[in-house]
Amino acid sequence: MNKTFSYQQSIFFDEYIDSKSSPRKGYNRSIDFFHSLSPSERAYYTNLCESSISSMGVTFQLDANELQDRSWPLDLIPRIIASSKWQLIQKGLVQRVKALNYFINDVYNDQVFLEKNPVLKELILESSNFLPECMGIKPKNKVWSNICGTDLIRDDKGKFFVLEDNLRVPSGVAYMLENRNIMKRVIPNLFNSYAVNPIDDYPSQLYKCLSDASFSTNKNKKIVVLTPGVFNSAYFEHSYLAQQMGVELVEASDLYVSKNKNVLMKTINGPKKVDVIYRRIDDVFIDPKVWRKDSKLGIPGIYNAWKNKKIAIVNAPGSGVADDKAVYAFVPKMIKFYLREEPIISQVKTYVCAFKKDLNYVVNNIEKLVLKPVNESGGYGILIGPQSSKSELKKYKSKILDNPRNFVAQPLIKLSTSPTLINRKILPRHLDLRPFILSGKNSFVTKGGLTRVAMKRGSTIVNSSQGGGSKDTWITN
Amino acid sequence: MLSSNAEKIYWLSRYVERAENTARLVNVNFDLLLDIPHDSVSDFIHLVEITGDLEQFNSILLDEKMFYSSSVSAMKNVVLNFIIFNSDNLGSISYSLEMAKYNSRHLRTMLPKTAWEQFNKLHTEFSLSDKENYNSEVMHQIIRNSKTFFATISDAMHRDHVFDFIKLGRFIERADMLSRIIEDQILRKEAKIPKYYENLQWMSVLKSVNGFESFKKINKGELKQSNVLDFMVKLKEFPRSIIFCINRLIAVTKYLPNSENLKLKLIKIKKQAVKLNEKSTDKQILVILDLLQLGLIDLHLEIEKKFFNRSPI
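Those protein sequence lines, which keep their order, are chains A and B.
Using this note's numbering, the letters of the first sequence map in sequence onto residues 417 to 893.
Using this note's numbering, the letters of the second sequence map in sequence onto residues 111 to 423.
Hint data in this document are derived by calculation from the structure and do not stem from the laboratory.
Misleading hints may appear alongside valid ones.
[To be verified] With a straight-line Cα cutoff of 30 Å, these simulated DSS-like cross-link-like pairs (lysine-lysine) come out:
hint: 1; chain 1: B; residue 1: K364; chain 2: A; residue 2: K712
hint: 2; chain 1: A; residue 1: K638; chain 2: B; residue 2: K416
hint: 3; chain 1: B; residue 1: K375; chain 2: A; residue 2: K705
hint: 4; chain 1: B; residue 1: K375; chain 2: B; residue 2: K385
hint: 5; chain 1: B; residue 1: K223; chain 2: A; residue 2: K624
hint: 6; chain 1: A; residue 1: K637; chain 2: B; residue 2: K375
hint: 7; chain 1: A; residue 1: K600; chain 2: B; residue 2: K364
hint: 8; chain 1: A; residue 1: K689; chain 2: B; residue 2: K385
hint: 9; chain 1: A; residue 1: K688; chain 2: B; residue 2: K385
hint: 10; chain 1: A; residue 1: K688; chain 2: B; residue 2: K223
hint: 11; chain 1: B; residue 1: K415; chain 2: A; residue 2: K712
hint: 12; chain 1: A; residue 1: K675; chain 2: B; residue 2: K211
hint: 13; chain 1: A; residue 1: K637; chain 2: B; residue 2: K385
hint: 14; chain 1: B; residue 1: K223; chain 2: A; residue 2: K638
hint: 15; chain 1: A; residue 1: K723; chain 2: B; residue 2: K334
hint: 16; chain 1: A; residue 1: K638; chain 2: B; residue 2: K415
Keep in mind the model is a prediction, meaning the values are calculated, not measured.
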């Protein structure tokens, strides 16, 4: 039976419907369920979802000045991915993160890859993400980014691409876990009709991964989650993860470094030694004696404790060096170099303007490209060629020519869409996907991840801080 | 348990208990005022004296003279607003609940989910209440929600140190408030209120600690100051007597590390309390209450030193 869908396939790839606007295989039940709901039923489910979120206390904060926490925005229509497809992506993510960890370790030790790529070497050594104090350090298992969040997108053909790797302090996993709990509460019958792979072992996998990072020989490692405090926008996640793992959530003032470089925690029973810190603050804030002198969030002397293997810091300070947009362009090369494998997941073609050839292409095709400054994050300083005026393009072109090293360029990807409930109507909205990859002795990838969706028509901005929403991601057999 | 968390849970508990006690006090007194024809100023102002700072109260008045000569209902509104809603007043319900809220933000992982939700309910319902048209239901709501909060904790909470610090905070706060209510009542006698009304006032004191019915069960006859004091200070079976609070605190010390000193101090306080008897003069009572309060302050400082202020060695 070919149900009429509430919207037609457009130039974008839609997760639910094909080019003839019929439901894709595996999506029938979900489509039927949401289409069969009357407007009042849709309102009922939306309200139930919202009240579950507020009673479960799933919140986030926009900024420190906002006193009231906001309820987490979850869209009820799930994103569904076949497990056969996911298995390959999973392999690709493990491969990618492995290569990136080899790369970071190489950067801070022998620099073999950099020697072979002088342009990259220059970019790296000048980057503010490169921390010279980390030279010569080898974390346990040579893993620097134990917890990575990689953003995936699909293009107009439905092919998966890596958009970026978040190797520093990726967030969102608590919302992934809570989305699932809410969906089970609100639409248990639809959930039951699919064989959805469970995701709730993430906290125990994370615990294992953190234990693996310690050099201590204690059987039970003392692990803490370090948060900047209650006014941080991700505080909910920090406390959630600490609770789910059964470890202490601490702030910097709870910790100090003793004379013999042990990291101690102040408790009602006196000082207790800590083995692993899962830091949820930026690396340069972690030790005011070494990096940001003005940091109130850090623990003075912890750098030395870390260097002497007395404490594991996860992710390791300095791992942001591979977060750089210019580094991204080299990941396929890294995979070949370190692993002698072909990359399993594609990534977006990236022109590094530090290369003459790339620079030429970029200045001649600027109107087709998305331009990004290398050292900025959070979408800052980006120019979208096809949506810019001639004078804007001209201005940007001269900026690039002034300092080519500072820029990379990518073709504009037509992000896929998925049906989303907007004011009780089902409409297409753009989305991405952030799976989480844990690396310790072994690797682990979440089944699915956090799907983020732009709630405004045509928008591709999925950040919750800018009005983005989220979806539960179902990997189904 | 982290020292910083011990401190926060202790204060969360104290502030919730304080808000509840203040709400009780407000309710009972305004109930009472309906019955007594009298010098209304002292009756209003004594509430400010128990819960907070009279000097601060006078400083918020635009015109002191005008206030003290205004109508009873106008005065009532100013006093109530100060005690309930003025968060600059460190003794107000509003301030207590804001501070409780501040501490609670850190404690989400340490409280049972149901208790956490109950606390949020307490805070939200109070902040949504109508500040212009006060009615006693707001106070009842606080009392109900606070009781449910503590009940949820004793019902659902794992008996660990978090639980111990909740008890420490709650019973120190309660003992302190009890001693202040009694002290204030004795001082008010100097305002030369007729004997009949004095008994009415003791009755209201009993009501404010939810003890009127229990009191009646044991004291069938006349309501006398000495009986009430015996009940409120020394009756170890009544959950809102000073001795009951102290016994609870002594029981908690069993579970806390390095708490020998704490226990000794509590036993000292207890010895003070039992000195009170039916022959005690008002003057002697005031001295005993004073020593009790100093003992509680000393107790708090000991807790701070032992558990909260662990600094690097």
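Here's how the hints hold up against the structure:
For the given pair, K364 of chain B sits about 37 Å from K712 of chain A by alpha-carbon distance, which is inconsistent with the 30 Å threshold. Using a Cα cut-off of 30 Å, the hinted pair K638 of chain A and K416 of chain B holds, with the two alpha carbons roughly 23 Å apart. Between K375 of chain B and K705 of chain A the alpha-carbon distance is near 43 Å, which puts this suggested pair outside the 30 Å criterion. Distance restraint check for K375 of chain B and K385 of chain B: the Cα-Cα separation of roughly 16 Å lies within the 30 Å cut-off, and the hinted pair is therefore satisfied.
Proximity of K223 of chain B to K624 of chain A is assessed by CA-CA distance (about 25 Å); at most 30 Å being required, the pair is judged to hold. The straight-line distance between the Cα atoms of K637 of chain A and K375 of chain B is roughly 38 Å, outside the 30 Å bound, and the hint therefore fails. For the given pair, K600 of chain A sits about 44 Å from K364 of chain B by alpha-carbon distance, which is inconsistent with the 30 Å threshold. In summary, the hint linking K689 of chain A to K385 of chain B is not supported, as the alpha carbons are separated by about 47 Å, beyond the 30 Å threshold.
Proposed proximity of K688 of chain A and K385 of chain B is contradicted: the alpha carbons are some 43 Å apart, above 30 Å. This hinted pair checks out: K688 of chain A and K223 of chain B have alpha carbons roughly 27 Å apart, not beyond 30 Å. Restraint check for K415 of chain B and K712 of chain A: satisfied, since their Cα atoms lie roughly 24 Å apart, inside the 30 Å limit. The straight-line distance between the Cα atoms of K675 of chain A and K211 of chain B is roughly 37 Å, outside the 30 Å bound, and the hint therefore fails.
Between K637 of chain A and K385 of chain B, the direct Cα distance comes to roughly 53 Å. Violation of the 30 Å bound is thereby established for this hinted pair. Under the criterion of a C-alpha separation no larger than 30 Å, the hint pairing K223 of chain B with K638 of chain A is consistent with the structure, at around 25 Å. Between K723 of chain A and K334 of chain B, the direct Cα distance comes to roughly 73 Å. Violation of the 30 Å bound is thereby established for this hinted pair. For the given pair, K638 of chain A sits about 25 Å from K415 of chain B by alpha-carbon distance, which is consistent with the 30 Å threshold.
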